[in-house]
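Chains as they are written, first to last, in the numbering used here: chain Z, 1 to 239; chain Y, 1 to 239; chain V, 1 to 239; chain C, 1 to 239.
Check the hints yourself; a few may be wrong.
If chains are identical, the list can't say which one is meant, so a pair holds when it fits in one copy or spans any two.
[Unchecked claim] DSS-like mimics (lysine-lysine), calculated; alpha carbons at most 27 Å apart, straight line: (1) K133 to K12; (2) K14 to K133; (3) K94 to K219; (4) K91 to K12; (5) K32 to K219; (6) K219 to K133.
These aren't lab readings, by the way, just hints derived from the structure by calculation.
Number of protein chains: 4
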Amino acid sequence: MDSHSKSGQFWKIKQVTDSMALVAELCGHFYKMGWVSGTGGAMSVRLHHLGLIIMTPSGVQKERMTAEDMFVKCSDGSDFIIPPVKASPHKPPKCSDCNPLFMKIYEMRNAGAIIHSHAMEACLVTMIRPLSKDFRITHMEMIKGIEGHGYYDELIVPIIENAAQEGELINSITEVLEAYPRTNAVVVRNHGVFIWGESWISAKTQAECYHYLFDAAIKLHQLGMDWSTPSHGPIKRSS
Amino acid sequence: MDSHSKSGQFWKIKQVTDSMALVAELCGHFYKMGWVSGTGGAMSVRLHHLGLIIMTPSGVQKERMTAEDMFVKCSDGSDFIIPPVKASPHKPPKCSDCNPLFMKIYEMRNAGAIIHSHAMEACLVTMIRPLSKDFRITHMEMIKGIEGHGYYDELIVPIIENAAQEGELINSITEVLEAYPRTNAVVVRNHGVFIWGESWISAKTQAECYHYLFDAAIKLHQLGMDWSTPSHGPIKRSS
Amino acid sequence: MDSHSKSGQFWKIKQVTDSMALVAELCGHFYKMGWVSGTGGAMSVRLHHLGLIIMTPSGVQKERMTAEDMFVKCSDGSDFIIPPVKASPHKPPKCSDCNPLFMKIYEMRNAGAIIHSHAMEACLVTMIRPLSKDFRITHMEMIKGIEGHGYYDELIVPIIENAAQEGELINSITEVLEAYPRTNAVVVRNHGVFIWGESWISAKTQAECYHYLFDAAIKLHQLGMDWSTPSHGPIKRSS
Amino acid sequence: MDSHSKSGQFWKIKQVTDSMALVAELCGHFYKMGWVSGTGGAMSVRLHHLGLIIMTPSGVQKERMTAEDMFVKCSDGSDFIIPPVKASPHKPPKCSDCNPLFMKIYEMRNAGAIIHSHAMEACLVTMIRPLSKDFRITHMEMIKGIEGHGYYDELIVPIIENAAQEGELINSITEVLEAYPRTNAVVVRNHGVFIWGESWISAKTQAECYHYLFDAAIKLHQLGMDWSTPSHGPIKRSS
């Protein structure tokens, strides 16, 4: 029984370190996608059954991280693991500025993972319609990749205005999470996007769909087409 | 003789597992090309002499698959191999929604492999001419990469309208396969494209040519040029 | 002395096999650059001191080749090495359709390597000015990467019309090699480009500069700017 | 004490060779970003405490370098390490033409690393406004990645005119370093950009931000939007 429980401890620890390594690996992938260049962007994974939350560090090259670079928080926001200090020119470790925003999203949604991207397409899609309060698109197959949405549905993603500091976004994020109860993404004007899902797989694959749709919307806009309403010929609008 | 036939069995099994691994590897490649992001897209390979058909799973990250993730069907559509269940957050294995479409294409064409891509260029090329019933292009060297076509030929690929579910496309795919007996590709509006060939090499290399031509057509459209008829200066039209 | 000469033979053979492997490796690189997709494009390297010429095969996936896939010709065009036949679905080995064009370029120029690319930018740059007989650009730093050219020079690359078969281009290539004695590149309308240099390094790095300049020209054209004459503000024209 | 000091020597040497290898590795990365194609571009790292400066060679494929290819200079510009001569077709080693420009930047700024990029976006961003004396952008999250800048700030980067030889840029670079005391980047018209930081990390991550912003500016220009002043809707200008 003693050895059984010790073995249980081992597997718990391994789940944490494996997840830390996974976040590092995924960030390397997101870098190649152009989502986290220049140390921008962030990621978090929540280990529900362990009451732990992994977060990427701030100001660190996202494509050169290892498991060791990750912060691990308890559910109450207190520190569980702090990364070791690295030699100069590396800066002392600092948790992502998205920390309070990630905690708010976890509080208000049943998310298992959150991705914050600075992708050009997430940024530009808010600039081509500078007064819009949300991003809308319909009749694109990739909409089916977003939870609870079909091809004929109109996907609506709230856009909030940017602020000087990431932490200042907390009020507007809280508001849109209340105002848009179905949304699992929030776009920040001239900045990027937050996307979440019940697991890292759900967050990542939906993030790929959102970025695809942002990119399509910009390209359609450039081709002089309106992508937010189903007016593109002989296609049937859903009831 | 007994050992000879056993050895034959071994090579048959190895051909199946090698082909399963090849499909996983190729999907990783297609992901880098932007054809299968967000779990989108699919691939199938037919092993004629064994009467078996390999299909990718549904809703799985196409760039992170291994041979084990593949479905293998008998020619009559019954299951030969079902992938093992993976731990959460992976979903229980489910065969590609393209399954009935793939079977229909195998039935009506002598194909050895089929690729279904969600590439942006395959999607946008149908949106710039929302009422068009087919994609047309001529006088591009890459047309020579499509079976039975030369540089001066007009390549014609049928476009069908999209539907809420992949399976609902079966009637319109059947119709265009009959109406366009030479075509080895079908574009689905606001969705993507199906491309096939007598082998995985033929399907993949023709898919590369089709995506190149779609991309060129969009870029030419953006430059204000008409790419569907040979009106670009002193070039000779084939008889 | 006998062992010395045998050792000499060994190094000669090794140079050939190393060069065959290098061409395969470089083609994998060119594939990532978008120069040789869909089995398109080709490459050749000349081993002057051995009197041998390496050529890529026709209709083969350029990113999946190994040294074994290469053809090796003697200076008179006769076969020195023919690649082994591979199992289906691979086709029987066939030398590049560029073979006569490569031999003509080697005959008329002191080239050590030739690259034939199907890159989108090489194709489109001929389509935006369908009646132009040459591509012209000036006042771009990357022009300095082309042999014998400075920043203030006007780079001029002849454009020939495409034909149904690669071999039919031989007359027009011969003509422009005579008419443009300084050029180390020929663009083929709606098709691609041939680029050569005294070594594989010279051919590859100049090819990168040409592709960069083609891409810039298309983007400038799209931005409504004329890139062929130095009219972009307070810049000094060379004497 | 003797063995202690010898061990100190060892670590000094290892720091130099490690940094040489790092520059080679980073240049491979920059190549993939499109910053150093066709042997273009350059990089330098300064080892302050050792009084040494690493510089990339001239006319060498930046993605195929190893530590051995680097030049190492003393603070006074004299040679500390010269790379070994390689067999033909490699050229004899020659230090980057940026050498005097790098030395001037080190002299006038407290830089630990400098990157010189030929990226298309750095080139085009000077061409869309051919008479502009600087590049300006504001209200983009990625501006926060540039030292001393916030989201509401206007980032201003001086643009100098290009010259026939890299060395001829020294006067105009000196002038703008004096005229723009805050800048850690200088754009060269129709050529590229110089970017520096207190360490290789700072130089690289800021370079990523600058390239992102150049790219955004071109895309916004193409969409008919002015990116240099905060006129994009309900956004607050900083005091």
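Here's how the hints hold up against the structure:
no.	hint	result
1	K133 to K12	neither (43 Å within a copy, 57 Å between copies)
2	K14 to K133	neither (43 Å within a copy, 55 Å between copies)
3	K94 to K219	neither (37 Å within a copy, 33 Å between copies)
4	K91 to K12	between (30 Å within a copy, 22 Å between copies)
5	K32 to K219	both (21 Å within a copy, 20 Å between copies)
6	K219 to K133	both (20 Å within a copy, 22 Å between copies)
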